[in-house]
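A.B. asks: In order, the protein sequences belong to chains A and B. Quick note on numbering: the first sequence equals residues 1 to 355 in the UniProt record's numbering. Quick note on numbering: the second sequence equals residues 1 to 270 in the UniProt record's numbering.
Source of the hints: derived by calculation from the structure; they are not laboratory data. Do not rely on the hints blindly, as some may be mistaken.
[To be verified] Away from chain B, derived, C-beta distances all over 10 Å, residues of chain A:
#1 D146
#2 T149
#3 F157
#4 D331
#5 Q335
[What the hints assert, rightly or not] Partial pick of chain B residues on the chain A-facing surface, computed with a CB cut under 8 Å:
#6 R3
#7 P4
#8 R11
#9 L13
#10 Q14
#11 Y42
#12 E49
#13 V53
#14 N55
#15 L58
#16 P60
#17 M61
Note that beta-carbon positions come from the ideal geometry of N, C-alpha and C, so glycine has one too.
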Amino acid sequence: MLSVVLTCSKLLTAASFRVELVSINSRAGGREATALYFQIAWESAPSVNVYTSSIRVSISGSLRRGRSFKTTIGSVTGLNIKAVMSQRKRPSNVQSSQSKGARHSEVLLGGGGGDDDDDDEDVTFTQPSTSQVQRGLARLTPAQVDLKTAEVVQFIFVKDQKKIPIRRADIVKHVVKDYRNIYPEIMKSVGRTLDTVFGLMLKEVDVKNHVYILINKLEPPGGELLNMTPSNPKIGLLFVILGIIFMKGGVVKESMVWNTLKKLRVDPGDRHEDFGDVKKVVTDEFVRQRYLEYVRIPHTEPLEFEFRWGQRADTEVSKVKLLEFMGQLHDQDPQSWTQQYRDATSSQTVPVSQR
Amino acid sequence: MARPLGESHKRFLQTMMANGIVDGDKARALHRHCCETHGAQYTPDKLDEFIEVINAQLQPMFMQIRKGLSEEDGLQYYALVNMAETDVTRMSADYADNELELFRKTMDLIVDSDNGTASSTDILNCADSLQTKKLKKKETEHVLNRLVQDKWLIEKQGEYSLSTRCIMEMEPYIRRIYQDQVKVCHICHNVALQCQMCENPTCGIKIHTHCVARYFKGRTDPRCPSCEDFWPHEIPEVYRPPSSQSQSAATEKTTPTPRATGQSRKTRRS
């Protein structure tokens, strides 16, 4: 894995910028020479001196070690790129060198075409101390903090659209970047905004790895409002499965789920018109979205799995409403399922919407 | 200090986020339901003020709920637009680089065209000459379908045009990139892709088809508002949605209305 270090002889004066790899030219003829053409896109108006930018790229290809190239990047001339060999398999962690007033800044270029959620945990990110936050805040204007807040909120919405849980590491890496020393302040601002403007909340579903999902503080819409929100046909499939699991006390063997679905003409083996690869949607997509948990049953031969409700289902789905729905389906009083009724009314003591 | 939002405002906003764009009638109904559900005071005909309160809070997020007219049916629509990214990069979460390039090229064709459309044949030809990765015919069709599903493009009989939401969201971008090349309506001053043009070679002003309908309504001798030449084109009738009492032109609405029975399960976001 190679990293490319971009050094420039001028102090880059921008709050944030992005460097894009435009093309790679490989020259043949025995020499492993490669020319890299980059373009800097300014993401926000130049306002503050940047000390570092923590974007990182991995380029697979042959770059001769130590080779440097000249580039003209926008209006910043005199930019040099040096190829630096890195031995590590994973891209190296982000360095933040605080070279205040230095005549050059080091920029590690990043991202490219790979997928956003890298495997590497941002192990160097530790929560800054209160005094660090204070010092960091003193250097920035409120407008800059607001801008960062807006960017984080947008980032969260994009991720949430696909119902993918949001990792703190990604927020820091892709959005907060140089502002990481005031990360707690930004996240406080983000939380306030999500609540007061959108009626939403970030809930940490994985405390160790700091992974969040966005949940609704408002009650799920009923009546007319329900008709106004476009819904995914997969939600119907999900609700059937959540219903099965709930009625059976919170955990079921996967075979039970597949058999029930088959009775509803949804066969995990076949491709479904609306859902596609049913098995994949249920065991992969719903699990990734934290609606379901798909866990191995130990000591089973051949391997068997069981289903439980996932964390998102716990926070988003009302067990009481589910039971009411089951009641309508079977033309029974929800209270006739005493165990489940007790479960439904006790487990959700304070719905999020009423906190 | 901007007025804090009540639950009715947040509900409205959440629904706008889920839908992307709604027509005027639906927006007014939504306003009523949000107020009723959350016990807020409801004043009919005060939708725009209601939205202004929300917009004041959205402004620091670079988002706005904007009102616009559809080029398809001349009706009013409300859309939640992103003001921050003044480029197609806002779509980059969902589309690959070469797909975005295809979209830009499609936009080029549409802006350059007389009638604000691009044929699928022309788009397919573009796909062949992309600077990023080339797209095969099947892949191009697939991308175009996704763009229609995601409400960026509208397709009618093999011709593609920019959706209302797309125009509303990308208007600043379109104006910046195309500058003088893009047609602007003489009446309402917005970007005009589907429009009629004055035939006078020294005049050549453009007017949205729906602006023509409104401006020339009831006139027996339509004249160009700029050069006073006879306006030679067919003056369409002002389109009225089926819910209204008066006779309407038999054009179909672009956004289907939600089904009233039970949950409206749309298999595609329309």
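A.B. asks: Compute the least Cβ-Cβ separation between A/Q335 and chain B, then decide whether it is above 10 Å.
C.D. replies: Given a closest Cβ separation of 24 Å, the condition holds.
A.B. asks: Does the claim that A/F157 lies off the interface hold, with its Cβ farther than 10 Å from every Cβ of chain B?
C.D. replies: Non-interface label on A/F157 violated, nearest chain B Cβ at 8 Å vs cutoff 10 Å.
A.B. asks: A/D331: least C-beta distance to chain B exceeds 10 Å?
C.D. replies: Given that every Cβ of chain B is farther than 10 Å from that of A/D331, nearest at about 17 Å, it holds.
A.B. asks: Does B/P60 pass the interface hint, meaning its C-beta sits closer than 8 Å to a C-beta of chain A?
C.D. replies: Given a least distance of 6 Å, the restraint on B/P60 holds.
A.B. asks: With chain A as the partner, please determine if B/M61 meets the hint condition of a C-beta pair closer than 8 Å.
C.D. replies: Since the shortest Cβ distance to chain A is 5 Å, the answer is holds.
A.B. asks: Check the non-interface label on A/D146: least C-beta distance to chain B beyond 10 Å or not.
C.D. replies: violated, 6 Å
A.B. asks: Was A/T149 rightly flagged as not at the interface, with every chain B Cβ beyond 10 Å?
C.D. replies: violated, 8 Å
A.B. asks: Report holds or violated for the interface hint on B/R3, using the least CB-CB distance to chain A and a cut-off of 8 Å.
C.D. replies: violated, 11 Å
A.B. asks: Have a go at the B/L13 hint: is there a Cβ in chain A nearer than 8 Å to its own Cβ?
C.D. replies: holds, 6 Å
A.B. asks: May I ask you to test the interface hint for B/N55 with respect to chain A, counting a Cβ-Cβ separation under 8 Å as satisfied?
C.D. replies: violated, 11 Å
A.B. asks: Please check whether B/E49 passes as an interface residue: C-beta within 8 Å of a C-beta belonging to chain A.
C.D. replies: violated, 17 Å
A.B. asks: Given B/R11 as an interface hint, is its Cβ closer than 8 Å to any Cβ of chain A?
C.D. replies: holds, 6 Å
Comparing the model with each numbered hint stated earlier shows that hints 1, 2, 3, 6, 11, 12, 13 and 14 do not hold.
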